[in-house]
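Colleague: Residues per chain are reported as follows:
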Amino acid sequence: MKAVILAAGKGSKLTPFSMTRPIPMVRVAGKYLFDNALDMLNKAGINDIFVVVGHRKEKLIQRIGEHLNDGLSVHYYEQKKAGGIGDAILQVRDKVLPSEYFLLIYGDTVTSANIFSKIQQSFHLFKSAVASICLPPSNAMFGNVFLNPQMKITRIIEKPKGDELGNYVLSGVYILPGSFFQLLDKHKKSMENALMELVEKEGLRASMWEDEWLDIVYPWQILTANRMIMNSWEQSSIAKTAVLEANVTIQGTVRIEEDVLIKAGAVLEGPCSIGKGCYIGNNSLIRSYTSLGNRCSVGYGVELKNCVVLDNTRIGRLSFIGDSVLGEDVDIGAGTMTVNRALDWKPISVKNGRRKYETGMVKLGAFVGDDVVIGAGNTIQPGAVVPPGRVFPACYTIKSE
Amino acid sequence: MCGISGVVGLKDISNALFETIRNLEYRGYDSCGVALLNKNSIVVKKNVGGVEEFYRKENVLRHKSSIGIAHTRWATHGRVTRENTHPHQSCDGKFAVVHNGIISNYRALKESLVRLGHRFESETDTEVIPHLLEENHRKLNNVEAAFVKTLCELEGTFAIAFVSTYHPGQIFCAKRESPLMLGIGDEIKFVGSDFNSFIDYTKNAVIIDDGEYAIVSRDSYMVKNYLTREEVAKPITKIEWDAETSKKGGFPHYMLKEIHEQPQTVTNALDVEDAVLDKVVEGIAQSGQGHLVGVGTTYYVAQFGQYMISSLAGQSLFAVSSDEFAALSNVGRDSFVLALSQSGETYDTLTAVKHAKSRGARTAAVVNVMGSSLSRLADNVVLQGSGPEICVISTKAALAQMVILVRIGLKLALRKNAMTAAAFDRSMSVLRDLPGIIQAVLNERSGFIHRIAHEYFKIKHWLYLGRGVYYPIALESALKMKEVAYVHAEGMPGGFLKHGTLAMIDKDIYSIVFIPPREEKALYEATLHSVEEIRARSGFVLGIHFDERGKNKNLFSEELILPNVSPLIAPLLQLVISQLFAYFTATSLKRDIDKPRSLAKSVTVG
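Top to bottom, those sequences are chains X and G.
For the first sequence, the residue numbers in the numbering used here are 1 to 401.
For the second sequence, the residue numbers in the numbering used here are 1 to 606.
Hints listed in this document are in silico derivations from the structure and should not be mistaken for laboratory results.
Treat the hints loosely; a few may be bogus.
Derived lysine-lysine pairs resembling PhoX-like cross-links, with alpha carbons at most 20 Å apart [stated by the list, open to error]:
(1) X:Lys43 / G:Lys234
(2) X:Lys201 / X:Lys189
(3) G:Lys64 / G:Lys45
(4) G:Lys203 / X:Lys43
(5) G:Lys149 / G:Lys139
(6) G:Lys460 / G:Lys507
(7) G:Lys39 / G:Lys11
(8) G:Lys482 / G:Lys521
(9) G:Lys110 / G:Lys64
(10) G:Lys482 / G:Lys458
(11) X:Lys13 / X:Lys57
(12) G:Lys247 / X:Lys127
(13) X:Lys186 / X:Lys127
(14) G:Lys247 / X:Lys152
(15) G:Lys110 / X:Lys43
(16) X:Lys189 / X:Lys152
(17) G:Lys279 / G:Lys357
(18) X:Lys127 / G:Lys203
Label-pair restraints from in silico Cβ distances [unchecked claim]:
(19) X:Ala82 / G:Gly550: 40 to 50 Å
(20) X:Ser12 / G:Arg518: 30 to 40 Å
(21) G:Ala327 / X:Trp345: 50 to 60 Å
Here the structure is a predicted model, which is why all the values come from computation and not from measurement.
For every residue, glycine included, the Cβ atom is placed at its ideal position computed from N, Cα and C.
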């Protein structure tokens, strides 16, 4: 079966990280979301993969090229201008024949186990169009799917009014017939309306997903996704070429990749992930749910806690980064503190762009975009969002802009 | 777009071949064909139509073989005719080929083959392949070499599989751009366009990459690159698959499936013939003393029946746990014993019924399994017709039994003139609405229940409180929690609180309170009073009620609101909610849902 991954979206609520990459190129638990999806597809026996790229496509295209070298069959198609989900799907219509079913995947969802296997099993059972559904972890409702006992979807309410309905929602993974393209044409590229017609005419079955599931929309959800995947780890792995000096303490599950150097006295509390070629300075404390990308440098005596750090980022000595996400090539000066809670222990709100979001999280640090330079001795306020490329002098308090 | 499959095994594989190709039908189905190798000849069957239709029409399954290939076609080159259907054969009939893809240079190849004297039967691009194989085999005298040469001559895309009388135990296949994989079983191997074709037989797949060909026999396979001719070491991909999924109808667990089947099982319980129930009603009415016996869940069902029959018909029956029956109950000639059991094999209940019969009592049973020991033992049997209940934890069977007991209560009331015929009809029509309401609740409340369960799954102690008929509901709900989530849960009448239990209320013990609809005024107010008692001690209360949102502001810590219904079915609806609550708590705790520890489906030991 062919798989179509939608990766063209702008993800504007995921700023500052989506300003420089498409969402599938966010790395959580040491792995790009995109790679995670390919891995699961492979284990689900699917190796014919089409990716619709658009927003900031370069990074993703480069990654696809690297996969081709590994022998995977991945092709990409460009959505020239933003035109919604329906339009993105239509980019691959030549690749799918009218008689054929294909797997459709939204590139911004994360699961703790193999959702593609699961939906294939449902498809194998029903031999007709299938939509994966799940119960979201919070009150924030994404839609409402009505079922009959034969798992047939009888109704979809995308945005229920009020809070009187609470049920299964569409989880962004479908197996659809090739004729779906015609439905999209007919409904002016509206995914919602095309699905409605599918429900009414041909029928759409549900595949119930019970493991964890997350749609990454906001930057703090990167931390949730990171935690979700790390919680599913069962084993540690330390590459042969990693060097651990004397008195390095490791607890819990850790993933340490090639050419990592961990200096004496460092403590790693799993689950945590250290990417290729990282340097961890003496007496550092890497606490649970920390994910370091490739070639990061962590100075002497740094404390990291529940944070996602992307590639090539440097964190100067005696800093504390907690409950935060740092982009690529970020340079953090010595003695920088991310403040990760309010004095009154109230949940942190995040001002991103013009809007203010309630995260409901009591502990939350900062979201620092790519190529930011932060001078030594700085304090970053809770929930601060720093756009890519900003430069801050030393000894300065950084707030959300 | 087509699907191809092939099977090679020890014995007859014709049935397996049928299933592999039927599982690929989703790739297109305007015509279908198979080639089976039989001793030294190839039997080819093909026709237009879908897979099942073709198999029936051509009676394909009567041909037995240990090796074969099959094809389901969606026409791209050539019309939909029998001639254009795969497999295609060479002139000498020694090669039969199935193909998915498009051979772009087929016209040139065909012309030169025709010049060499080959006769073509179809309009397809595929037919050049068997003729090329025959031609190359004539020159090279080796099937593998002829195959490699053929592959190099083909332009375009393909997944090819063929069988040949030269090697009657082998399937040859190759891939360029069209999908192809092997399924690796013991003593049986598969070739398929994707793993859907063979997943019912093996989860071990070898994915063939572009530019590779494979030779597959029942006990081995070899993959080579057709340009370099070197063997390629291929890893076996273990397809992540749960063989039970199809039996679970797509639900993650039988328990959830059975909870979702309740609209149907309630309907079935309502469809149980009146005459069958009338015998039981007559038995109760004529007896000096009636007993309801069950054990575990069915004991709570019996208690529910006790409350219902008492309030509807004004007759008191004893609900007794089967294992205590002999010790507690004085049964004699004028006694009537109604036993409840899903399986009809429950040791304790069978013992109780035997004991009653030995004392000359009349007996009846409500059971789900036809022909079970209890159904043969009891004088009258009510078959509840809930369908097989596979999850060890009873959900749909228990709810259906409760519905049957409500019907018995109503009939008894009518017989004793405790209820008018009009009131009886009204009550029956309320019951008839129950399946639809359960369906709506499942569809509109699952998310809320899941959210609450997900938030509080770490709580170690739960109190389940109810008054009146809601008390057995609390007991049964607490049992679900204990059984499936292994969490301490205690069912209790609301009135017990002030007799000592309130002392336990603290931040570690959470309560669930079953609130009746407001029209049951006395019960409603008494139950709310229990809630206030807990809240006054800062205890957590999850209220399951029928009031509108915000009606009892700040009374509950969490609330689950149900559509306002008649008191006759209100407790049943609350049971559905607590089944789901126990289920989602158990999934959050990652319990083995369908086979919880220390519990067997039917307890047949004493």
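Colleague: Each hint needs a verdict: does it hold in this structure or not?
Modeller: Hint check results:
Between lysine 43 of chain X and lysine 234 of chain G, the direct Cα distance comes to roughly 15 Å. Compliance with the 20 Å bound is thereby established for this hinted pair. Taken as a hint, the lysine 201 of chain X and lysine 189 of chain X pair is honoured in the structure, with Cα atoms around 18 Å apart against an allowance of 20 Å. For a cut-off of 20 Å, the pair hint linking lysine 64 of chain G to lysine 45 of chain G stands: about 13 Å separates their Cα positions. The hinted pair formed by lysine 203 of chain G and lysine 43 of chain X meets the criterion: a straight-line CA distance of about 11 Å does not exceed 20 Å.
For the given pair, lysine 149 of chain G sits about 11 Å from lysine 139 of chain G by alpha-carbon distance, which is consistent with the 20 Å threshold. A threshold of 20 Å between alpha carbons decides the hint, and for lysine 460 of chain G with lysine 507 of chain G the separation of about 11 Å falls inside it, so the pair holds. A C-alpha spacing of about 13 Å is found between lysine 39 of chain G and lysine 11 of chain G, which places the hinted pair at or below 20 Å, so the restraint holds. With a C-alpha separation of about 31 Å, the suggested pair lysine 482 of chain G and lysine 521 of chain G falls outside the 20 Å cut-off, and the hint is violated.
The hinted pair formed by lysine 110 of chain G and lysine 64 of chain G fails the criterion: a straight-line CA distance of about 34 Å is larger than 20 Å. For the given pair, lysine 482 of chain G sits about 14 Å from lysine 458 of chain G by alpha-carbon distance, which is consistent with the 20 Å threshold. A distance of roughly 18 Å separates the Cα atoms of lysine 13 of chain X and lysine 57 of chain X; the hinted pair therefore holds under the 20 Å criterion. Distance check on the hinted pair: lysine 247 of chain G and lysine 127 of chain X sit about 14 Å apart at the alpha-carbon level, within 20 Å; holds.
With a CA separation close to 24 Å, the supplied pair lysine 186 of chain X and lysine 127 of chain X exceeds the 20 Å bound. For the hint pairing lysine 247 of chain G with lysine 152 of chain X, the CA-to-CA distance comes to about 16 Å; that is within 20 Å, so the pair holds. Straight-line distance between C-alpha atoms of lysine 110 of chain G and lysine 43 of chain X comes to about 40 Å, which puts the hinted pair past the 20 Å bound. The suggested pairing of lysine 189 of chain X with lysine 152 of chain X is violated, with an alpha-carbon distance near 24 Å, which exceeds 20 Å.
A distance of roughly 17 Å separates the Cα atoms of lysine 279 of chain G and lysine 357 of chain G; the hinted pair therefore holds under the 20 Å criterion. Pair hint lysine 127 of chain X plus lysine 203 of chain G holds up; C-alpha atoms about 19 Å apart against a cutoff of 20 Å. Distance hint check: the CB atoms of alanine 82 of chain X and glycine 550 of chain G are about 42 Å apart, consistent with the given range 40 to 50 Å. Range check, serine 12 of chain X to arginine 518 of chain G: about 48 Å between beta-carbon atoms, so the 30 to 40 Å window is missed.
A C-beta distance of roughly 58 Å is found between alanine 327 of chain G and tryptophan 345 of chain X, which places it inside the suggested range of 50 to 60 Å.
Going through the hint list in order, the structure does not satisfy hints 8, 9, 13, 15, 16 and 20.
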